Amino acid sequence: MQRIGVFVCHCGSNIAATVDVAKVAEMALMEPGVVHAEDYQYMCSEAGQAKIAEAVHEKNLTGVVVCSCSPRMHEATFRKAAERAGLNPYMVEIANIREHCSWIHKDMEEATKKAVILMRAAVAKVNLNTPLKEGESRVTKRALVIGGGIAGIQTALDIADAGYEVDIVEKTPSIGGRMSQLDKTFPTLDCSACILTPKMVEAAAHEKITIYTYSEVEKVSGFVGEFTVDIRKKARHVDMDKCTGCGVCQEKCPSKKAPSEFNRGLNKRSAIYTPFAQAIPNVPVIDCDNCIKFKTGKCGICAKVCQAGAIDYEQQDEILTEKYGAIVVATGFDTINLEKYDEYAYSQSPDVITSLELERVMNAAGPTHGHLERLSDGKAPKEMVFIQCVGSRCSDDRGKSYCSKICCMYTAKHAMLIRDKYPDVNVTVFYIDVRTPGKNFDEFYRRAVEQYGVNYIKGQVGKVIPQPDGKLLVQASDLLDNQQILKEADMVVLATAIEPNPDVRKIATMLTASIDTNNFLTEAHAKLRPVESPTAGIFLSGVCQGPKDIPETVAQAGAAAVKAVGLLAKDKLMTNPCTAHADELLCNGCSTCENVCPYGAITYEEKEVNDHGIREVRRIANVNNALCQGCGACTVACPSGAMDLKGFSNRQIIAEVDAICR
Amino acid sequence: MQELKDRARELLADGTVKRVLGWKIGDLPYNPEPAYFETEESLKDFVYNGFCGANLSKYMIEASKLDGKTMVCLKPCDTYSFNQLMKEHRVDREKAYIAGVGCKGKLDIEKIRKQGIKAIERIEGAGICDEAETLKIQTVYGEKTCAYADAMLERCHVCKGKEHKIYDELIGESKETADADRFDEVAAIEAMSPEEKFAFFQKELSKCIRCNACRNVCPACSCRKCVFDSTKFDSSQKANVDSFEEKMFHIIRAFHVAGRCTDCGECSRVCPQGIPLHLFNRKFIKDINELYGEYQAGEDTGAKAPLTDYTFEDAEPSIVGKRG
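From first to last, the protein sequence lines stand for chains G and H.
Residue numbering for the first sequence follows this note's numbering, starting at 1 and increasing by one per position.
Residue numbering for the second sequence follows this note's numbering, starting at 1 and increasing by one per position.
Take these hints with a grain of salt, some might be off.
Unchecked claim - Here are some of the chain H residues that sit facing chain G, going by a computed Cβ distance under 8 angstroms:
1. 86
2. 89
3. 141
4. 222
5. 223
6. 225
7. 229
Calculated from the structure, these hints are not laboratory results.
This one's a predicted model, so the numbers in the text were calculated from it and none came from an experiment.
Glycine is no exception: its CB is placed at the ideal position from the N, C-alpha and C atoms.
Construct the entire structure; sequences and hints are all you get.
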């Protein structure tokens, strides 16, 4: 029989205001095995932990139940406290009476009742707990960064500078990401390319960094410290070793109908192309869907003009398998599809553009060589309207519920740049709120209004109506003047909401990293572990975790790098002792567990067993404890109940359910 | 049937197989039983007729442990079970010589009885070679007749097809018997209100006497030790809180065989209480087909089972939940 101590935390008033904590402690004493129960204001404090240690010594406790916050918060804290007092840490269970009870209930009587039930379940489990011992696993001293935008580049540079090998896998033909598409950056207005390209070059030249562009992560197996990743290097059809980057092939390519991804489809590119002049690597790829040679078999001009003989139409995709200790996700964002916002006439008029498209229009390397002009007729605009929050802070399911965070600042930037370069252009911004928290941000916005005379109107735009003369009629309301406005504009710019790159869902699934309803990767703790995924060994960098601007992205990229380096610096990792094991007398040898195991931890062996005197060779499941992550998939899939999980045995779980239903 | 018997004799004689797994004449004209035949002499009791519904695949688990090969007679539907057992490493293909036997639909004595035909002495037209459309049944009350199709097991009306999915040789001809949709019965239950459903299953399952016949005959229920028999699990020792708790047995069993059940229909065939147990399994099969794409357990040994495989196209758990 266990000797269990139950410790009920008030969490200040977080729990105690809704749950009668003294009553929970009193009820605990009536549970089987419980020899000690008390409540205290902050169990996690030093004094609270001392109370646990004291009771362990005085009452010879063999098990501990702490009724407090989520185990994700303080399970480790209490386990360590118990361990210091001489208990096996796995003899500690948490009854979550905060997130699961006090925070979600109002009625004290009901909440107390539920807290008692949760306490009972934890006691029932501890009664069946057994001491467990952690194992050890190795750490592969190499990191993978998925995504080669500013977040990925910065993370890779920081990891590499700390002395570890890093691979960057980038889906597109060049690293650089969204930042490479920007013209100027707020709040200092430096040229994006001028600050980004040196970093791109630095990453490419770094001896510890390997860059795989035009490549995708295909498969991930393994676990923290030892991930095995298949990387698909898509066929470029250009030999990277031979190509000199002279660009003749792109000039001579007769197929120039493909929309340029880099210029957001505002102009065309050749079928063999590098996305932009500063691309790294400066090696083109052949877009087979648009290449005449691939479509009809006739052409081959690029191969003929290539002095280096680098064109290889036969090149195939290549799968590369590498091992990594840590993985950083830096998959970035895209702007949302505007299909559902037809009132802004984005699909009807080429003069309605997104802000990211405006970046390209304003950029010297863009489709208009940096001249601000209407894309329909090339005329210089005189009236420009900016619409904020297109798809952001949206209360229906057309858009996103969150604030995209960067739009207020880049719109102020655009407005200011236009007024500076073209003082004859009137700029009007329709906004819900202007949000400028950040160093020198509000000063920047005020400069746009006060120095540059940008006309800010609080109110939303209802419709943008293309007129027969090519103008755009903007119908809006001014909430401060309580007036309806009809305004003619030459160009309308939509501050389109940003969303995580759609590929992140697939990547998150491969990494078993959780994502939220908006497809942003979830952090392990919103405040205290913001750059770590709840999945061990997976770190988050940049907008894949939530909207952020460049300085924040770079800061987070550095933070993710430090966390990854902290992991890579370890020689060994302690492994979770809550692993699966098969009862060899019950195992059917059916391979069901082997099929469902996401970690490849289960193999089968022919083994002689002694089943109540009958000796026979049977096919038995064997779990590799170093690989098993204790996910429990095998225990539920096993038809005979032979698979069980240490620390979460079927029996313990049934005991918990029974205690709840009692 | 003679052809089958002759082949069995030859294979025993030339030592290809050590024994034959088939059916033996029972004490009544309609209850042949599974049996091993180890000598040519013993084959005199060998029988194969319309009443040989028993699926012999499961016996191959034990036969796989014996010395030498076993000639096993499998009807088309039985081969699905054999494949499934092979996939689960429970039977050894090398130890089996599979005689794929023809099938013209198997008979259900209960259906004959329901027509008021009782005290049966002899049945003509049930032999596998007979082309009889009608069964002639000699009873103590005189001769009665019954259309073959009217006496067929429910499962034969929704037959998966007469193609053997695995065999070493084919013996005898088959005849298509399917004339109904396999999921009609399930759809009818799905259309019920929750209260009606509960009442339906309460009524059916309350007949259960826990004889375990369904479990013992089921090829998917082939665990070395059933969770309901093992002291390792609380399920075997638990006192029943109410009369329905015992019936949870069937629901748990259906979950245990979900995705592995080939819908061979043996559970319903052997139930002495006439409970339509196959409905549980068929509901799972229907759901799997609808949520994860058409899948037939035992059709081959290679395909990944939808419940133990993951693809990006899989239905989200919330969708599965919504369907109830």
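*So, residue 89/H near chain G? Judge it on the closest CB pair being under 8 angstroms.*
holds (5 angstroms)
*Residue hint residue 229/H, partner chain G, criterion CB-CB below 8 angstroms*: At about 11 angstroms, which exceeds the 8 angstroms cut-off, the nearest Cβ of chain G leaves the hint on residue 229/H violated.
_Tell me if the interface restraint on residue 223/H is satisfied: Cβ within less than 8 angstroms of some Cβ in chain G._
Constraint on residue 223/H satisfied, holds at 4 angstroms.
_Interface hint for residue 225/H, Cβ within 8 angstroms of any Cβ on chain G_ = holds (5 angstroms)
_Residue hint residue 141/H, partner chain G, criterion CB-CB below 8 angstroms_ = Since the shortest Cβ distance to chain G is 48 angstroms, the answer is violated.
*Holds or violated: is there a CB of chain G closer than 8 angstroms to the CB of residue 222/H?*
holds (7 angstroms)
*Is the shortest C-beta separation between residue 86/H and chain G less than 8 angstroms?*
violated (11 angstroms)
The structure fails hints 1, 3, 7 (numbered hints given earlier, in ascending order).
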